[in-house]
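Residue 239 is where the sequence shown starts when you use the numbering used here, and the numbers rise one by one after that.
Hints may contain errors.
Said to hold, decoys possible - Below, computed lysine-lysine pairings styled on BS3-like, alpha-carbon distance capped at 30 angstroms:
1) 260 - 277
2) 277 - 292
3) 260 - 575
4) 622 - 292
5) 626 - 292
6) 260 - 574
7) 260 - 573
Source of the hints: derived by calculation from the structure; they are not laboratory data.
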Amino acid sequence: MVYGRQVDQFTLTLGPLEQPYKETQAALARLHFTSSLWKRDVQMWTTEAEVQRKIANRLGWLGALDFVVPHLDRVRAAVSAARAEGLTDVVLLGMGGSSLAPEVMRQVIGVAPGFPQFRMLDSVDPDAVDATLADLRHTLFVFASKSGGTIEPNAMAAEAARRLEGAGISPWTSRFIAVTDQNTALHTRAVAEGFREVFVNPSDIGGRYSALSLFGVVPAALMGIDVDTFLARAREMADACRADGAGNPGTALGAFVAAAALNGRDKLTLLLPARLASLGLWIEQLVAESTGKQGVGVVPIAGEAADVELGDDRAVVIVHLGTDAPDGRLVEQAKKKGLPCVEIHVPDVLSLGAEFFRWEVATATAGRLLSVNPFDEPNVQQAKDATKVLLDAFAANGALPEVRSDAVVNGATLTFSNAARQSGDPQRFLDLAGAGDYVSVMAFLPPEDETLGPALDALRHAVGRRTGCATMFGYGPRYLHSTGQLHKGGANNGVFIVVTAPPRIDFAVPGSGYSFGTLERAQAIGDFNSLEHTGRRAVLVQLPSRTPDAIASLTKSLVG
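Required output: the full structure, derived from the provided sequences and hints.
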């Protein structure tokens with residue numbers, strides 16, 4: 239099937255999914271899904287009153303464009319004031335989907351000439367925090383937190399405030415803009431302490447659905463992005479997503495995703511051109527966190543090597559950006575094997591907002607067809623609670639609890655979960671991964687370290703070649719707020735490698751009683767404990783140092 243309007247130009251090549259796709263479309267028709275979605279009819283989702291109440295409080299993204307436009311003059315005034323003041327850098331302090339969208343905009347659209355350079359800090363790794371906050375003389379901070387109480391952005395903000403004061407910038411709040419929900423702790427604090435700007439977002443927009451709200455628009459304006467065109471393209475897509483039937487670009491994609499997952503093709507493989515690579519991260523967190531619960535879920539796969547073997551557990555989304563195309567080898571392989579494919583043509587970078595909306599509708603659609611609530615994240619709290627237990631133990635004893643050692647290889651300590659302990663030998667661990675599984679590498683290391691990144695890529699790709707399985711990669715603690723939901727709440731078809739290493743430097747989180755390194759380590763161990771508790775096959779790797787050689791040694795130990 240081919241849809242030809244520019245806003246929804248995509249091609250469906252269904253192959254073995256032809257009948258399942260017809261069935262998911264028929265299910266949407268029986269539900270009157272599109273009209274019910276836009277009416278915000280919660281009865282379509284469930285008969286349980288409590289779940290209906292929760293869903294009703296998460297559908298504000300449907301009206302985000304109507305909400306944000308009246309705020310644009312104030313947003314632009316804040317940008318003009320920052321530029322007039324000579325602020326040349328913007329650092330976004332955030333975590334999860336609400337911070338990933340601005341980072342995608344930076345990488346895809348870019349910062350306009352004459353506007354402040356933009357960086358995102360969504361890591362508590364002390365090396366990453368120190369590098370990002372090294373020079374604050376001309377820096378403006380955007381403190382973005384939906385709840386206002388998330389531990390990571392609060393820790394980062396506390397350190398930024400400390401360093402601003404140390405640099406003689408007083409009051410430090412003059413360099414802070416807050417983006418948060420109504421009446422959160424951050425909202426109250428920002429008003430009381432006199433942040434330079436406080437932007438209050440609707441409370442019924444979840445973080446991962448917030449790209450077109452103030453969480454996305456404030457950073458976009460600070461980058462000098464043509465927000466009017468960006469939002470206009472998004473509105474075109476929103477209008478197209480009101481249509482009934484198979485011509486709706488959002489529900490058609492969602493029906494494809496659900497048909498695939500319901501028929502053994504739960505590895506949604508994203509083939510993107512290089513300039514859109516970061517969009518894969520955003521789609522990954524949206525789809526994984528929204529669908530991965532109650533023992534089901536869609537496993538989004540982005541960033542694999544071009545020589546990976548695509549198995550019959552895959553469905554493929556191929557995206558073109560103007561004349562830029564994904565790596566032809568994977569596209570050719572997918573088509574030659576007759577894998578179910580969606581091919582999407584994005585006309586230009588300012589259509590990124592339209593893609594945000596398309597995927598939000600598609601994900602909501604897939605969630606309904608999979609009979610899960612796509613707007614909650616029940617297992618994210620599990621990892622938070624596990625971290626808190628460890629930090630409480632640190633407060634009581636002055637140290638984190640000891641982690642048992644099941645193997646030591648080249649100075650790296652390996653701890654296997656109960657479900658994985660049968661492997662015993664590191665070189666047998668990957669034997670646990672079989673047909674239909676995926677392997678996820680999660681690294682609690684600085685995300686932008688140019689020396690470690692290639693070594694981690696090599697580890698991921700070697701694991702994929704060794705197992706023949708689809709692979710995921712995520713930096714901690716970022717992934718805890720996105721794919722972590724799928725890891726613990728989805729089907730038990732994941733094999734997990736959690737990698738840690740002692741930081742090169744460490745320093746206290748102001749007012750906490752623990753350091754950034756301690757917090758990061760507690761999050762890594764806490765997530766491993768959560769994976770173990772949910773019966774997942776996992777290994778916690780504590781490297782002796784954060785060097786490419788240490789990662790290469792781990793790769794050799796696991797792959798052989």
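Going through the hints against the structure:
1. Note on residue 260 and residue 277: the hinted pairing holds, with a Cα-Cα distance of about 24 angstroms set against a maximum of 30 angstroms.
2. Straight-line distance between C-alpha atoms of residue 277 and residue 292 comes to about 16 angstroms, which keeps the hinted pair within the 30 angstroms bound.
3. Restraint check for residue 260 and residue 575: satisfied, since their Cα atoms lie roughly 22 angstroms apart, inside the 30 angstroms limit.
4. With a C-alpha separation of about 20 angstroms, the suggested pair residue 622 and residue 292 falls inside the 30 angstroms cut-off, and the hint holds.
5. Taking the CA atoms of residue 626 and residue 292, the gap is near 25 angstroms; set against the 30 angstroms cutoff, the hint holds.
6. Note on residue 260 and residue 574: the hinted pairing holds, with a Cα-Cα distance of about 23 angstroms set against a maximum of 30 angstroms.
7. The straight-line distance between the Cα atoms of residue 260 and residue 573 is roughly 21 angstroms, inside the 30 angstroms bound, and the hint therefore holds.
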